Amino acid sequence: MEPSPLVLTLVLPFLASLAVVVVRGGRESATWITGATMIACLVLAASLYPSVSGGNVVRYDIEWIPSLGLNFTLRMDGFAWIFAVLVSGIGVLVVMYARYYISAEDPVRRFYLFFLAFCGSMLGVVLAGNLILLVVFWELTSIFSFLLIGYWHHNQAARDGARMAMTVTGMGGLALLAGVLLLGHIVGSYDLDVVLRSGDRVRSHDLYVPTLLLILLGTLTKSAQFPFHFWLPNAMAAPTPVSAFLHSATMVKAGVFLMARLWPVLAGTQEWFMIVGIAGMASLVLGAYLAMFQHDLKGLLAYSTISHLGLITLLLSLGSPLAAVAAIFHMLNHAAFKASLFMAAGIIDHETGTRDLRRLSGLFRYMPITGTLAMVASAAMAGVPLLNGFLSKEMFFAEAVETHADSWLDKAAPYAAVLGSALAVTYSLRLIHSIFLGAPPESFPREPHEPPFWMRFPAMFLVVACLVIGTIPALTIGPFLHVAVSSVLGPATPQYSLAVWHGINVPLVMSVIALAGGALLYLVAGNYLERTERPPLLGRIDGQRIFERVTVAISWRWARLIEEAFGTTRLQPQMRLVVVAAIAAGIVPVLVLGLDFASTRHGAMDLAFTGLWAVGVTCAIAAAYLAKFHRLAALALLGGTGLVTCLTFVWLSAPDLAATQLVVEIVTTVLILLGLRWLPKRSPDLSEPSEWPLRLRRFRDLAIAVVAGLGMAAISYAVMTRAPPDTIARFFLEKAYAEGGGRNVVNVILVDFRGFDTLGEITVLGIVALSVFALLRRFRPAPDTIERPEQQLIQRSYDEAEPSTEAEATKEEYLYVPSVIMQWMFPVIIVLAAYLFLRGHDAPGGGFAAGVAMAAGFILQYMAAGTVWVENRLRILPVAWIGGGLLLAAFTGAAAILFGDSFLTSYFRYAELPLVGKVPLASATFFDLGVFSLVVGATVLMLIAIAHQSIRRLRAARLGEERQRWN
Amino acid sequence: MELTLAIAIGALTGSGVWLVLRPRTYQLVIGLSLLSYAVNLFIFSMGRLTVGVPPVLGPGGAGNPSDYADPVPQALVLTAIVIGFATTALLLVVLLVARGLAGNDHVDGREQR
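Which chain is which? The protein sequence lines are B and G, in order. FYI, the numbering for the first sequence is 1 to 967, going by the working numbering. FYI, the numbering for the second sequence is 1 to 113, going by the working numbering.
Extracted from the complex, chain B is given alone in its bound form (with noise of 0.2 Å):
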């Protein structure tokens, strides 16, 4: 795959954005990053021409998701080449402006950063040839240009007016990509090319409409065309670079651009004449007539894109071939003209520190060339006659004047155009007059100067092209524009000509009208427009406010309500939807399928294993209903059920099971037993519920309980006396010693066949009691449970009273006896917890009950003689055997692989142990030594974790003491 000139364009701001972040240097670096990948990517773009200019279409593609029709297709033809061109070119004008306009207190390289990023965007989407990838860089180009947007993060308006820019052209980026999902569904391909041929299959759709609708939502969001406008003079918060780049050149023109590029699918039809041409006579008269209005000179400006962009969507929506032409030729002459206007207005920012049409006046006398190249560019936009403006303009009128679709729209339309471009007229004379022309002010926030030559540059060489293609369009603009034209036409591509003098016609008659009907309303409301607040008319309705109610409602009251009906804060009743969730999960496959009884296996009551059952249930349910109040009871009882469960085990064939529940069974219990020491005394006002909404809220629960047990025991039940069927188990009990060479099967899976599942779960052990400690680092008891317990007051006190006894001597003391046979057992409990490691290939036993059997052996030492006392003795570090242990059983399973087999093979064989005798040495060994290990140090983490609580509870105390002492 040989790197394509038009990958390189792509692929070359993305790379330059990262190296602007990367590289150190600051400002400068950045700078001339920037500016010579902008350069980069206009050489290259630019040496595409020959390839598109003979009618041709370079395509790069690479397999994406080709089942999804999505491939990454770069594609460029002859309209895709112009608008590269004027994106980079535009883009390396911009670069060489905002190195003098970007502060060296604002931070450089996050603005190229998102300049680049951006540019690559709108490369993109000018660039794909693919209507997936489209709209994906049309997505970014959105993400971007919040960005840049909000560039001035610490200021409101930016913010408000980045976000605002999001939302709307967000919401039209969805609904474009739901407008292109069905046009592909239409066509069959996201393929450009393929679309392209398939306008008449597109047109006679059933699903044309929606279709069209959708689409349009995206572009004319994105073109900030009517009813969507209001977005743009809010962004206008973006430094000015940002708006000369963004919301003249491309980012705006975007809509447009794809409204022209699918202009063969999409046009000609009665829809498309009607939507289109309201959106854009709309935004072409009100645009101009908000335009008049605004004091500040970049939201003079915004309107007036508003208003530009709503002439091309109009020559757009005619739907003739000409029209077209002069919709691309405006598009290129509106970036021209409009970005020096930006460039000019952000020079005039930066010299006099406002940019407030009331405020400025005479300025031309400080800077005259400034005030030239400001001059001209306004009389592009007002259509004057010798530049770029008036050619698009004499053409927009022509086509105006002919019918297209016969429609009251289409009669309007030569009215409105002459209005729009009237009023165009009076702006860009209020634009001249009150900046540059009448008496200098009083004051100014600073002395203005012309800038450097290089800042003044840019708008320069815009405002010459302007001119050069007034005044000769046939030998400059002249064959680009053909080559773009003809590659969105094709074969229809009309005769048009570029001259500047077509003879006395009625577009020159409206013309003047336009030029002499603005000039007399300058000349007539020029003072009444710098006086009034607000315009009339249409100032009441404030698209911004409408938005901004909206979105309050939805995503603030609307948000609110529905979490309060439908969320809570309490555990209660989520627990409850949980469980009723589970219950009817459970209840509803059986209603469906029903449950089947009816089975031979109905095993024989065993009279001795229904009693144990018998106290078991008992044990429960007596735990249930005391742990409320009586909670030492309630864990006696819960150790019933553990017990009773420990010697199902044992009956039932499970002696695996029956050891580590042993063992569980007396850790758990010390765990909630260190645990009580720091819940609440039972306080009398908790009593029995008498109010008739809690009692009912127990039934209800009761019920809840009650069906949940008896569907839990009716599925047990069914699944119990049916016969089994051929399950995985003949798998393992057939493979166990041959291939695992354990006879114990269930230590077998757990080490060696379903190792990499056990690996995972003492995984979670680790973290889970790591969290643990973690918690209780910072653990603060309640007050009420900082005091020493009751008891050992009591001890205290008598230890006091008692002259012969020392102080604590009796809780030295406490359980002497058991203590020192607890001590005793020690080496005893290790002996036995290696006795349940080692067999547990062959027999019962294995890592997991040898662990926690270690871990009981040390929680005795720790109970029998205190934790100082163990402590001082005896050093334990149960995060090095959770780590420890961790690594063993990964290294176990990793070995494997330096033998060139896969993670976790195990290698066994018989070992001769002095004494011990013959000894499976299996490599599952080390692993199940890992997983001893781990168990061993996050059972042992956990309890002393909370068994430690106490002792720092005295140390704090201790030291409050002295404290108290010594003041």
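Hints are computed from structural coordinates only; laboratory data are not their basis. These numbers were taken from a predicted model, which means no experiment stands behind them. Be a bit skeptical, because a hint or two may be false.
What the hints assert, rightly or not - Some chain G residues judged to face chain B by a derived CB distance under 8 Å, without partners named:
hint : residue
1    : Thr4
2    : Leu5
3    : Ala6
4    : Leu12
5    : Leu19
6    : Val20
7    : Leu21
8    : Pro23
9    : Gln27
10   : Val29
11   : Ile30
12   : Leu34
13   : Pro65
14   : Ala69
15   : Phe85
16   : Leu92
The beta-carbon is built from N, C-alpha and C at its ideal position, and this holds for glycine as well.
Dock chain G against the given chain B, drawing on the hints supplied.
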């Protein structure tokens, strides 16, 4: 035997669910422990109930696979027991910390009537 165990599982589930729906943190701890017994027994019973045939092979290795209890649910339950202990510990500690911060032992951190 099947009926006994089924009733036992049901009773443990019912007690556990009842406690899980209660407002005191300690009730939640006991309730989850009871529920985990029930769930472990339920999963274990999926291998059907057999007496006196643990899945520990004779000295010669595999005999007839149908002579042994199903080892798969046992392996599942074995790790579940240990993990159950860990989650109980985590729950307990979270509730203790919440209790220290909130000053009461209501599951929401504040008394509700």
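Okay, the hints, checked on the actual structure:
{"no.": "1", "hint": "Thr4", "in the structure": "5 Å, holds"}
{"no.": "2", "hint": "Leu5", "in the structure": "7 Å, holds"}
{"no.": "3", "hint": "Ala6", "in the structure": "4 Å, holds"}
{"no.": "4", "hint": "Leu12", "in the structure": "5 Å, holds"}
{"no.": "5", "hint": "Leu19", "in the structure": "5 Å, holds"}
{"no.": "6", "hint": "Val20", "in the structure": "6 Å, holds"}
{"no.": "7", "hint": "Leu21", "in the structure": "4 Å, holds"}
{"no.": "8", "hint": "Pro23", "in the structure": "6 Å, holds"}
{"no.": "9", "hint": "Gln27", "in the structure": "4 Å, holds"}
{"no.": "10", "hint": "Val29", "in the structure": "7 Å, holds"}
{"no.": "11", "hint": "Ile30", "in the structure": "4 Å, holds"}
{"no.": "12", "hint": "Leu34", "in the structure": "6 Å, holds"}
{"no.": "13", "hint": "Pro65", "in the structure": "4 Å, holds"}
{"no.": "14", "hint": "Ala69", "in the structure": "4 Å, holds"}
{"no.": "15", "hint": "Phe85", "in the structure": "5 Å, holds"}
{"no.": "16", "hint": "Leu92", "in the structure": "5 Å, holds"}
Comparing the model with each earlier hint shows no violations; every hint is respected.
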